[in-house]
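These protein sequence lines map, in sequence, to chains A and B. Last residue of the first sequence? That's 212 in the working numbering, and every number before it is there in order. Last residue of the second sequence? That's 182 in the working numbering, and every number before it is there in order.
Please keep in mind that the hints were generated in silico from the structure rather than gathered at the bench. Quantities reported herein were computed from a predicted structural model and do not represent experimental measurements. Using N, Cα and C, we set each Cβ at its ideal position, and we do this for glycine too.
Calculated lysine-lysine pairs in the DSSO-like style (CA-CA distance at most 27 Å, straight line):
#1 A/K86 / A/K161
#2 A/K161 / A/K149
#3 A/K171 / A/K86
#4 B/K154 / A/K79
#5 A/K122 / A/K136
#6 A/K79 / B/K169
Some chain A residues well away from chain B (every beta-carbon gap over 10 Å; in silico):
#7 T32
#8 N49
#9 K146
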Amino acid sequence: MNVIISSIDFIYNWARSNSIWPMTFATSCCGIEMMQTSAANFDIARFGSEVFRATPRQADLLICAGTITHKMAPALLKLYQQMPEPKYVIAMGACTCGGGMFTDSYSVVNGIDKIIPVDIYLPMCPPKPEALLDSLIKLQKQIRKETILDRQKYIAGHISALKLDENEDLLIEDSGIIVQSWGLTGDLNEGLDKDLSGGPAYEF
Amino acid sequence: MNFDDFKMMNNADGSFNKVLVEPAELCVVLSYLKNNAEFAFDRLNTIIAVDLGVEVGKFELIYDLHSIETGKTARISVIIDRNSPHIPSVVEIFKSAYFDECEIYDMFGIVFDKNSDLKRLLMPQSWIGYPLRKDYVQNDERLAWND
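So that you can see chain A by itself, here it is in the shape it has in the complex (with noise of 0.2 Å):
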């Protein structure tokens, strides 16, 4: 039995980790690393990771390159639970790993495991594309370590330690406090009703 599996394994994850496709998230200067290396000097396609997908629902990698913010937080939370599962995540850069130069400013998140579970830090301001192969290279090693019957063990260790509620708003599962209400979807329509044609409406 175990032979049948650890061959079916191989396939799988062969072919897995070989094709990880990763979404577009860059939300600032790593980004930019995260262009270079996808260029045709470093070229990622070498390791099949070239086809950067604009939707998170065909991509199997998220690479957070960049600061997030508080303002952001709703959309990459939103983002990792729209992409299928099996799902990984590189915070690249420092401020994705632990706040960076911003760990005490009041617009920050200090870390975005603070938010979803990470499988690679990759800490450097901004790391070079050398890095980001490596750390691709790491995540394809770890997917080849992985096994069919550790479905149960994968699960647990991805669930987000923020959830979103209805109106996009990020909240504490555990005690329902509202981390704080950005207006992302709800103040949508509230400013609909304005005339905006003749800029900010005042009595002259």
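Chain B: place on chain A using the hints.
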């Protein structure tokens, strides 16, 4: 109101001086500088807010004016009290000041009187405190997960 100071604002080498104005006179001065043909400062580049510190107890607001006609730049400085930060709004003179004033209110808590729609621009409306003040400390328990 003596406007001789404003004629000396632009130096020969292209630099310019900052002119200090009382808060009560701000609207009169800006309106004069905009409408007078000699100055014709018809554009408000930006409003800069500076927190001069808790010990000094003052905020400084710098109005950066530009004249498209003459190409000259002017800087009007207003110093207000830190404990009751109120200043008249200039959206009636320069409409573009609306977003500047909202952002300054958001970050420094300076209230612009007669700005009928003053609200936070970048931070959520439920945010506690004004982040760019020198004595700002983040102690909102809703953000404890981020510590």
